[in-house]
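J.: Protein chains in written order, with the numbering used here: chain C, 1 to 355; chain Z, 1 to 355.
The set of hints was computed from the structure by calculation and includes no laboratory data. Among these hints, one or two may not hold up.
Computed footprint of chain C on chain Z; a stretch qualifies when at least three of its residues, placed anywhere within it, have a C-beta under 8 Å from a C-beta of chain C [stated by the list, open to error]:
#1 29-37
#2 295-308
Simulated coverage check for chain Z against chain C, where a stretch passes if three residues somewhere in it have a Cβ under 8 Å from a Cβ of chain C [claimed, not checked]:
#3 274-285
#4 331-341
Below are the DMTMM-like pairs computed for lysine to aspartate or glutamate, each with C-alpha atoms no more than 25 Å apart in a straight line [to be verified]:
#5 Z/162 - Z/255
#6 C/341 - Z/255
#7 C/241 - Z/255
On a predicted model such as this, the values are computed, not experimentally measured, just so you know. Using N, Cα and C, we set each Cβ at its ideal position, and we do this for glycine too.
Protein chains: 2
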Amino acid sequence: MTDALPVGATIGILGGGQLGRMLSVAASRLGLKCHVFDPAPDAPAAQVADAHTCAPYEDAEALAAFGAAVDVITYEFENIPTSALDALEALAPIYPNRRALATSQDRITEKDFLTDLGLAVAPYANVESAADMDAAVAKIGAPAILKTRRFGYDGKGQVRLKDASDASAAWADMADAPSVLEGFVDFSKEISIIAARNPAGDVACYDPGENVHKDGILATTTVPAAIPATLRMDAVLLAAKILNSLDYVGVMGVELFVTPAGLIVNEIAPRVHNSGHWTQNGCLVDQFEQHIRAVAGWPLGDGTRHSDVVMENLIGDDVLAVPEIARTAAAIHLYGKVEVKKGRKMGHVNRVTPA
Amino acid sequence: MTDALPVGATIGILGGGQLGRMLSVAASRLGLKCHVFDPAPDAPAAQVADAHTCAPYEDAEALAAFGAAVDVITYEFENIPTSALDALEALAPIYPNRRALATSQDRITEKDFLTDLGLAVAPYANVESAADMDAAVAKIGAPAILKTRRFGYDGKGQVRLKDASDASAAWADMADAPSVLEGFVDFSKEISIIAARNPAGDVACYDPGENVHKDGILATTTVPAAIPATLRMDAVLLAAKILNSLDYVGVMGVELFVTPAGLIVNEIAPRVHNSGHWTQNGCLVDQFEQHIRAVAGWPLGDGTRHSDVVMENLIGDDVLAVPEIARTAAAIHLYGKVEVKKGRKMGHVNRVTPA
Numbered sequence: 001m002t003d004a005l006p007v008g009a010t011i012g013i014l015g016g017g018q019l020g021r022m023l024s025v026a027a028s029r030l031g032l033k034c035h036v037f038d039p040a041p042d043a044p045a046a047q048v049a050d051a052h053t054c055a056p057y058e059d060a061e062a063l064a065a066f067g068a069a070v071d072v073i074t075y076e077f078e079n080i081p082t083s084a085l086d087a088l089e090a091l092a093p094i095y096p097n098r099r100a101l102a103t104s105q106d107r108i109t110e111k112d113f114l115t116d117l118g119l120a121v122a123p124y125a126n127v128e129s130a131a132d133m134d135a136a137v138a139k140i141g142a143p144a145i146l147k148t149r150r151f152g153y154d155g156k157g158q159v160r161l162k163d164a165s166d167a168s169a170a171w172a173d174m175a176d177a178p179s180v181l182e183g184f185v186d187f188s189k190e191i192s193i194i195a196a197r198n199p200a201g202d203v204a205c206y207d208p209g210e211n212v213h214k215d216g217i218l219a220t221t222t223v224p225a226a227i228p229a230t231l232r233m234d235a236v237l238l239a240a241k242i243l244n245s246l247d248y249v250g251v252m253g254v255e256l257f258v259t260p261a262g263l264i265v266n267e268i269a270p271r272v273h274n275s276g277h278w279t280q281n282g283c284l285v286d287q288f289e290q291h292i293r294a295v296a297g298w299p300l301g302d303g304t305r306h307s308d309v310v311m312e313n314l315i316g317d318d319v320l321a322v323p324e325i326a327r328t329a330a331a332i333h334l335y336g337k338v339e340v341k342k343g344r345k346m347g348h349v350n351r352v353t354p355a
Numbered sequence: 001m002t003d004a005l006p007v008g009a010t011i012g013i014l015g016g017g018q019l020g021r022m023l024s025v026a027a028s029r030l031g032l033k034c035h036v037f038d039p040a041p042d043a044p045a046a047q048v049a050d051a052h053t054c055a056p057y058e059d060a061e062a063l064a065a066f067g068a069a070v071d072v073i074t075y076e077f078e079n080i081p082t083s084a085l086d087a088l089e090a091l092a093p094i095y096p097n098r099r100a101l102a103t104s105q106d107r108i109t110e111k112d113f114l115t116d117l118g119l120a121v122a123p124y125a126n127v128e129s130a131a132d133m134d135a136a137v138a139k140i141g142a143p144a145i146l147k148t149r150r151f152g153y154d155g156k157g158q159v160r161l162k163d164a165s166d167a168s169a170a171w172a173d174m175a176d177a178p179s180v181l182e183g184f185v186d187f188s189k190e191i192s193i194i195a196a197r198n199p200a201g202d203v204a205c206y207d208p209g210e211n212v213h214k215d216g217i218l219a220t221t222t223v224p225a226a227i228p229a230t231l232r233m234d235a236v237l238l239a240a241k242i243l244n245s246l247d248y249v250g251v252m253g254v255e256l257f258v259t260p261a262g263l264i265v266n267e268i269a270p271r272v273h274n275s276g277h278w279t280q281n282g283c284l285v286d287q288f289e290q291h292i293r294a295v296a297g298w299p300l301g302d303g304t305r306h307s308d309v310v311m312e313n314l315i316g317d318d319v320l321a322v323p324e325i326a327r328t329a330a331a332i333h334l335y336g337k338v339e340v341k342k343g344r345k346m347g348h349v350n351r352v353t354p355a
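With these hints in hand, go ahead and build the complete structure from the sequences.
T.: If you want it as structure tokens, here you go:
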């Protein structure tokens with residue numbers, strides 16, 4: 001722990017949403033300050049961080065001042081402009097590293113990387129033209145799903161193809177954005193594993209959780225996932241393989257499909273992950289503190305699951321039920337967002353029973 | 001929950017030490033903002049609060065602006081100048097109420113109050129002169145302990161009398177500060193109970209913890225306390241009696257001596273309490289969130305103990321062991337204080353085992 005950040009050091013966080021907010025709170029437990037960079041004046045993390053630079057990611061001057069003010073830089077979302085990272089990387093270490101970020105920013109790069117590691121992914125093909133699209137459908141078949149290679153999240157930038165005749169309309173929907181056609185995977189469950197690695201190369205994984213999505217957005221995560229012990233071990237091993245291969249520092253979320261042929265990697269997220277929110281009430285050290293420990297060069301903490309947890313996202317109007325939920329034995333986590341919007345993640349609830 | 005504070009509302013906290021810091025973090029989980037008032041520019045809570053008024057408690061203008069900016073006011077320490085409360089009370093509700101604060105600010109008022117409730121306290125006598133001192137020693141005997149009536153904490157403002165001949169030297173030490181002579185209690189254990197009450201009159205108590213002090217400062221709290229179930233129930237009942245009698249809103253720490261004759265109340269603290277820090281890792285809803293829920297008019301949360309915990313304070317140099325502690329299965333809570341001083345509370349550690 002020679003190079004570990006000491007009490008009073010400052011962690012810079014790119015992005016001030018709920019993930020940045022909960023990272024900032026976790027950092028405070030370790031005596032560390034956070035400085036959030038986010039263009040929104042009312043960014044949720046700004047309410048709990050020591051400092052907030054409110055500027056666009058293209059503001060070179062603001063980036064320079066931010067980089068000079070922090071000891072290490074991390075981020076809460078993948079879609080950080082490359083130019084911002086270029087400006088920052090000379091000023092402070094960036095964790096997770098740029099290779100991890102670049103890999104996860106582009107679905108083709110990500111799938112190529114995972115395939116090269118020997119991991120199973122859904123059948124996929126690159127689509128950058130109408131001709132590519134025809135070739136992709138011929139290769140992958142239908143049903144299938146067309147996704148933008150970059151900047152997609154929570155089901156955005158995706159079109160489903162019921163059969164091959166949907167191909168040209170689907171490609172038209174993408175407005176020429178480089179895309180990937182993915183074959184459908186016949187899965188029984190969606191699970192995810194939250195894994196962490198620090199600069200010393202220590203790796204720690206949380207128990208896999210079982211995810212249910214609704215309208216493309218995570219609705220619930222249940223731990224433990226109802227899967228055999230062998231699959232649980234497979235999930236840990238493949239997560240460790242991914243992290244080690246990227247010389248990764250921080251927490252990563254790895255989404256997996258459970259199929260008769262074993263686990264198929266859906267996608268990786270180089271950051272704390274919504275499906276890891278259960279750790280706040282199920283473990284001594286949660287994913288947010290684990291990420292902070294990793295990027296701060298600390299030993300990883302104890303992520304053993306002490307309780308069974310069902311995490312339920314509060315999306316849009318769901319948050320109106322909080323007065324009722326507050327009367328029950330549940331842990332409430334709200335993000336400080338005043339305006340309720342359809343599809344907006346307003347908070348989450350962890351319901352806990354002893355393991 | 002009609003009058004419950006909504007997401008985005010602001011809680012004003014008088015005092016920005018570690019208690020204010022952890023209150024602020026807890027408020028963020030409920031989507032509430034905190035505004036801290038503390039004269040110190042580097043107040044630990046300022047690093048995590050949405051706003052910090054850095055001004056003396058005598059600054060009328062700063063108090064007025066603070067009072068206007070917040071929806072409710074609470075505090076993390078007892079010794080708030082009365083003039084500050086006078087200035088604030090017209091601007092926002094103050095919880096716990098002024099009667100609770102006044103009662104706990106003065107050891108004689110507190111003991112009179114507890115005695116009137118029918119609760120047992122150590123023998124005590126008011127001392128405001130050398131003549132009072134002689135009368136007090138004649139009444140209480142020795143050994144005994146002379147304490148200032150106001151502004152004492154962590155063993156400060158206290159002198160022990162081995163026998164009656166120490167009386168005049170002890171009184172001289174007090175420099176004419178109104179004091180109380182307390183008889184020694186022959187106790188087997190020191191315990192404390194953390195209790196909460198909200199405006200609806202709901203009361204919830206955490207399991208009593210067993211405290212060990214060193215040099216007048218809390219060293220460890222262990223839960224569960226090794227006491228019979230009957231005493232545990234006595235502790236809950238007397239805490240509820242105190243809170244109801246004061247029409248109390250918030251969390252209170254009640255320190256108790258375990259004696260052959262039953263529980264004796266040592267003192268009450270109208271705030272979150274160091275001996276309740278174990279709740280952060282032993283319960284779904286900790287004392288900090290419970291206090292925020294109460295002062296915000298929310299239903300109280302689930303404070304059931306899910307684990308056994310030993311809380312260990314990191315005092316002064318103790319904090320230098322954090323790099324080693326970080327390698328163990330322990331939850332670390334640091335307060336963001338950079339300067340290590342003898343006797344200074346730098347953080348605490350919760351070591352947890354399943355209940």
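J.: Indicate, hint by hint, whether the structure satisfies it.
T.: Going down the list of hints, with the structure as the test:
Counting residues of the stretch 29-37 of chain Z whose CB falls under 8 Å from any CB of chain C gives 5; the rule of at least 3 is met. Given as covered by chain C, the stretch 295-308 of chain Z passes the check, having 7 residues with a CB less than 8 Å from a CB of that chain where 3 are the minimum. As drawn, the stretch 274-285 of chain Z meets chain C at 3 residues by the rule of a beta-carbon pair under 8 Å; at three or more, the given contact holds. For the stretch 331-341 of chain Z, the proposed coverage by chain C is satisfied: 8 residues have a C-beta within less than 8 Å of a C-beta in that chain, meeting the threshold of three.
Taken as a hint, the residue 162 of chain Z and residue 255 of chain Z pair is honoured in the structure, with Cα atoms around 24 Å apart against an allowance of 25 Å. Note on residue 341 of chain C and residue 255 of chain Z: the hinted pairing is violated, with a Cα-Cα distance of about 47 Å set against a maximum of 25 Å. Restraint check: the Cα-Cα separation between residue 241 of chain C and residue 255 of chain Z comes to about 52 Å, which exceeds 25 Å; the hinted pair is violated.
Consistency with the previously given hints fails for numbers 6, 7, ordered from lowest to highest.
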